[in-house]
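Chemist: Given these sequences and hints, build the entire structure.
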Amino acid sequence: MEIVFEKPKALEDVTFHYCPGCTHGIIHRLIAEVIDELDIQEKTIGVAPVGCSVLAYDYFDVDMQQAAHGRAPAVATGIKRVNPKNIVFAYQGDGDLASIGMAEVVHAAARGEKITIIFVNNAIYGMTGGQMAPTTLVGQVTNTSPSGRDVAHSGYPIRVSEMLGSLVGPGNSMKRVSVHDPKHIRQAKKAIKEAFVNQIEGKGFSLVEILSTCPTNWGKTPVEALKWLEEKMLPYYPLGDYSPKEGV
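The opening residue of the sequence shown carries number 1 in the working numbering; numbering runs sequentially from there.
The set of hints was computed from the structure by calculation and includes no laboratory data.
Wrong hints could be hidden among the right ones.
Unchecked claim - Estimated spans, in silico, between C-beta atoms of each pair:
hint : residue 1 : residue 2 : range
1    : G129      : M163      : 19 to 29 Å
2    : R81       : A152      : 38 to 48 Å
3    : P235      : K43       : 31 to 41 Å
4    : G139      : F16       : 23 to 33 Å
5    : Y236      : K43       : 33 to 43 Å
In this text, a Cβ means the ideal position worked out from N, Cα and C, and glycines have one as well.
Modeler: Written as structure tokens, this is what we have:
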């Protein structure tokens, strides 16, 4: 009998710890499928963040390194420079990357480091209990913005892909995708694969921003969360290619 669907080899046979409806699991699988398809499992090194995906080292069957909060791009840079033949990726949430780790990702992109960043944006701090994040939408209610994000107090949400796309870097690639339905999941996998291929071909820095859900901290059911992402996040975070134009 022909096998049409199975667990990726690059994914460990363990149960994820994520909340019901969380799309981290989908994203993990997409990364593992890409690693399998590119046949790079034996030379891939992942860097785990601090946040909901802090246990990513338990889920990917590749060499993994834990980084301090926000420092994954710096750690990935060091690993890649010492082992230039390896394929190095970091997996980060919005609190990890866009708050405490903003300097690391900005300068890694500015230098055109040949690493791949998977950036999961769910517009809230997940692991620590639902506080407002740099990506929290205007008016969005969180534990630290019970009346909704106030622009006068907290400013506007940061659009990471657009910001990094303004940094000139030959071979750099910035794309924003989503995993709220099957069509967009397929598009997300394509973007992840392109980011890894970018590194394999020795080009510059690659970041894939993936819009994700957090039903628990959003106070919604999994189905409601997917709808909220589509209706509220997509208008402010348009999907697309934000790669910098060389020579600009």
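Chemist: If a hint holds in the structure, say so; if it does not, say that too.
Modeler: Structure-based check of all given hints:
Judged by the Cβ atoms, the range 19 to 29 Å given for G129 and M163 holds: they are separated by roughly 27 Å. Between R81 and A152 the CB atoms are about 43 Å apart, so this pair conforms to the stated range of 38 to 48 Å. Taking 31 to 41 Å as the suggested C-beta distance range, the pair P235 and K43 conforms, at roughly 40 Å. Checked against the hint of 23 to 33 Å, the C-beta distance between G139 and F16 comes to roughly 31 Å, which is consistent with it.
Hint check: Y236 to K43, Cβ distance near 38 Å, so the stated range 33 to 43 Å holds.
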